[in-house]
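A.B. asks: So the protein lines, in turn, are chains P and W.
If you're matching positions, the first sequence starts at 0 in numbering that gives the first Met the number 0 and goes up one per residue.
If you're matching positions, the second sequence starts at 0 in numbering that gives the first Met the number 0 and goes up one per residue.
Calculated directly from the structure, the hints in this document are not laboratory data.
Each hint should be verified, as a subset may be incorrect.
[Said to hold, decoys possible] For the chain W half of the interface with chain P, some residues (derived, Cβ under 7 Å), not all of them:
id: 1; residue: R116
id: 2; residue: G121
id: 3; residue: V147
Every residue gets a Cβ at the ideal spot worked out from N, C-alpha and C, and that includes glycine.
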Amino acid sequence: MRNILYTLLLLLLAQAAQAKLEIEIVQGNASALPIAIIPLQWRAGGPPPATRVAEVISSDLYRSGLFAPLDEKDMVDRPADAESIRFGTWRLLKVDYIVLGWINDSPDGSGYDIVYQLFDVHTQERLLSQIATVGLGDLRFGAHRVADAIYEKLTGVPGAFSTRIAYVSATGGQGHTKYELFVADADGYNPQPVVGSPEPLLSPNWSHDGKRLAYVSFEKGNSAIYIQNVATGSRELVSTGKGINGAPAFSPDDRYLALTLSRTGNPEIYIKDLTTGRNRQLTHHWAIDTEAAWSPDGKWVFFTSDRGGKPQIYRLPVNGGTPERVTQEGDYNARATISPDGKRIAVAHGVGNEYRIAIVDLDTRRMRILTPGLLDESPSFAPNGSMILYATREGDKGVLAAVSADGNVRQRLILAEGDVREPAWSPVIR
Amino acid sequence: MNTTWRLLLALAVAFSITACKTTKPQTEAAPEAAQPAPVVEQEAQPVAAPDPHDYTDVRNFDNSESLLSKRVVYFDFDKSEVKAEYRDIVAAHAAYAAANPSARITLEGHADERGTREYNLGLGERRANAVAGLMSAAGVRGDQINVVSYGEERPVCRVSDENCWWQNRRVEIVYTAR
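With the hints as constraints, model all of the structure from the sequences given.
C.D. replies: Given below as structure tokens:
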């Protein structure tokens with residue numbers, strides 16, 4: 000029954016969202032928290048906008064895999080304030096939490112106040128009573144901030160719904176492809192172009208202050224690395240020259256950039272000091288060593304290497320040392336993304352011609368496959384570790400998808416037209 | 000009597016000289032009119048086709064019977080060894096470049112879409128380096144060869160099956176100067 004409810008909710012959301020978002024249930028999560036986000040009453044002047052705040056919140060919470068939002072159709076009661084809540088009704092609907100409230104014009108007239116409260120149905124306790132103030136046209140962002148607050152209150156983990164994603168889109172046919180790097184909301188809305196080129200763009204990587212993107216561009220004929228300020232658009236060429244200039248990755252303190260250079264004759268990992276520009280070579284092996292990723296404490300660099308024959312994930316201390324192999328299962332593991340708590344990595348895992356996203360626990364080294372494949376790649380952890388964004392293919396089209404870290408819920412993001420790839424999830428921007 | 004004869008003689012000499020002068024142009028004009036003679040057609044006959052096995056002859060780049068007209072080397076999945084059937088092509092281009100010191104070659108390395116993009120940049124480069132190594136061993140100077148990898152970013156086809164994948168696992172031999 001619940002599955003039917005979910006499907007209906009999703010169809011509603013999909014329609015309201017102008018087919019931008021398609022959610023598919025992999026399997027129900029029995030421990031997902033049942034919650035009702037009651038449509039917020041519109042108390043501001045002017046007609047209600049297209050953005051339906053409660054639906055955005057429900058969709059965000061559902062996507063995390065930890066919540067089971069109640070279908071709006073089943074909300075027999077639509078209270079807006081605490082006094083109107085009849086807790087018995089919600090207990091009958093088997094809902095553990097409810098969120099209600101309204102939207103006002105903000106007092107200085109510059110935007111809206113989203114006034115909301117979160118209640119525990121069983122204890123009747125009010126867990127949150129807050130106002131999220133947003134500018135005109137920022138209701139979606141406000142809804143994401145509300146979802147973040149609810150998520151954090153009920154899970155103890157900060158939400159990642161008001162964060163952003165970067166991705167590359169390729170449009171046009173053979174011979175006249177246009178590449179663009181976009182930044183959009185974490186649910187795929189509001190894409191903004193960052194840079195465009197008739198030559199390939201790849202490997203976007205966020206600085207940890209959320210302000211810059213490093214990326215690889217072939218606009219000069221060979222691969223080169225740029226760092227661009229997302230807000231101002233100004234950019235700096237940080238690595239060019241013969242051979243590969245690839246796989247940029249900011250250190251957790253943004254002072255260094257790990258990158259791949261092949262000027263010694265084969266691709267090696269280097270650490271560039273962004274203040275002085277000096278490169279320090281980190282790997283010394285004739286194999287292909289690339290796709291560096293930093294541990295959150297800044298002490299380890301994980302990377303892809305085929306020194307054992309085929310690509311696997313290794314790690315070594317930032318100051319140098321002997322690389323240690325991390326992935327033990329499967330004949331191809333590449334492009335690690337590290338969870339924010341440093342305890343897991345997600346990788347592109349290949350067996351034969353089939354590529355899926357898998358998670359590896361760094362303590363046990365056990366691997367779990369999260370996605371069905373068959374050409375899944377470029378995993379990127381959400382900044383709260385709850386979801387993984389990745390690139391996959393449907394027919395001849397590249398699309399992005401998000402899977403909850405426990406693998407229970409998977410969602411496809413339908414973004415702009417064209418072939419979409421190389422997603423990178425931004426950090427939380429406080 | 001003497002003066003009159005002398006004057007007549009001078010006049011006769013002068014007259015004969017001018018008479019000669021006026022006839023000259025007439026005789027010169029005649030050969031010009033006769034110039035378009037069958038003799039010229041012999042120079043327009045076609046030159047003999049180049050020997051397709053002469054890998055130092057630049058005309059063989061456009062001669063489909065010559066290995067020099069073949070400029071793509073293909074590779075097995077996840078491999079960068081130049082297979083036996085492609086070594087002759089590499090050897091032909093190496094022979095050309097070794098014999099023509101002004102030749103400049105860019106070896107563009109590519110990979111099919113499977114696997115991650117940055118690793119595939121490395122794989123494309125490794126393939127191009129394999130071709131470059133064979134050329135160097137055959138006497139091509141280092142400064143004649145430039146290696147660039149595009150990884151999986153410049154596919155010639157975009158279908159997710161082996162019919163397309165093999166076409167993308169390649170090194171293209173591109174002359175920037177012949």
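A.B. asks: Each hint needs a verdict: does it hold in this structure or not?
C.D. replies: We went through each hint and held it up to the structure:
{"no.": "1", "hint": "R116", "verdict": "5 Å, holds"}
{"no.": "2", "hint": "G121", "verdict": "4 Å, holds"}
{"no.": "3", "hint": "V147", "verdict": "5 Å, holds"}
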